[in-house]
Amino acid sequence: MKNVGVLYIVATPIGNLDDITFRAVKILEEADVVICEDTRVTQKLLSRYHLETKTMSYFQHSQISKVDSILKQLSEGAKMALVTDAGTPGISDPGQELIARIREEDPTIPIIPIPGPSAMAAAISVSGMVEKEFFFAGFLPKKKGRQTKFYELAKMNAPIVIYESSERLSKTLKDLSDYLGSNVEVFIARELTKMYEENWGGKILKVIADLENHTLKGEIVLIVKRNIKKNKEEVEE
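Using my numbering, the first residue of the sequence shown is number 413, and each one after it goes up by one.
Because the hints were derived from the structure by calculation, they are not lab data. All values reported here derive from a predicted model rather than from experimental measurement. Some hints here could point you the wrong way.
[Stated by the list, open to error] Across the chosen pairs, the derived CB separations fall in these ranges: (1) Lys555 with His462: 18 to 26 Å; (2) Lys484 with Arg558: 33 to 41 Å; (3) Arg558 with Asp518: 35 to 43 Å; (4) Asn625 with Asp518: 48 to 56 Å; (5) Phe548 with Ser469: 22 to 30 Å; (6) Glu488 with Asn595: 30 to 38 Å; (7) Asn639 with Ser477: 25 to 33 Å.
[To be verified] List time: in silico DSS-like cross-link candidates among lysine-lysine, alpha-carbon distance up to 25 Å: (8) Lys466 with Lys491; (9) Lys606 with Lys456; (10) Lys629 with Lys618.
Even for Gly, the Cβ is constructed at its ideal location relative to N, Cα and C.
Please work from the sequences and hints to get the whole structure.
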């Protein structure tokens, strides 16, 4: 009988290192290897909880040989834990490609989620802008395909969740105003769970004008909501 390993997808804190589950700590302790984007970042978390588990890096430009090595270890019975630098792996990070490759190469390998922190969920929970559905756009293209993406977003009726860097926030807000209109509402969540955590929102033009009153550093979750008026037929239904 084949001795198949297991891959745990472990959510880790997005800032405050206390935001980790008991189960996540247990899995990280029991794993043979922790697969991470930046071993230095993950080592800080492991040290915080006195864990000495071996780490190996896996990032966007990792060679195919690295994936082959992970697959080999799993096929030989290794218990491995995949983490990202912050939050839940597989959402706008290289983990998605690794998970897809494992599912394609060997569907018998169990892939088990260990849920926990997510910047997207945290921002939505305090925005008051999402009732039922939303569209997750992740990181927007910097150059190629950016205009096309904004045309696509302009067709969305549901709130849109975007990951953005502080350096590009101003430009993205201006582009959103140009393509989606000046009537949209936006919500900005910055440095969630960290010392300088901040969130605010309002009409997009007001937020753009008010940017100079806020510190633009760190990771940002941006939520966009269009005020679409229902037509008479929809209201009567």
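Checked hints:
no.: 1; hint: Lys555 with His462: 18 to 26 Å; in the structure: violated (45 Å)
no.: 2; hint: Lys484 with Arg558: 33 to 41 Å; in the structure: holds (39 Å)
no.: 3; hint: Arg558 with Asp518: 35 to 43 Å; in the structure: holds (37 Å)
no.: 4; hint: Asn625 with Asp518: 48 to 56 Å; in the structure: holds (53 Å)
no.: 5; hint: Phe548 with Ser469: 22 to 30 Å; in the structure: holds (26 Å)
no.: 6; hint: Glu488 with Asn595: 30 to 38 Å; in the structure: violated (58 Å)
no.: 7; hint: Asn639 with Ser477: 25 to 33 Å; in the structure: violated (51 Å)
no.: 8; hint: Lys466 with Lys491; in the structure: holds (12 Å)
no.: 9; hint: Lys606 with Lys456; in the structure: holds (15 Å)
no.: 10; hint: Lys629 with Lys618; in the structure: holds (20 Å)
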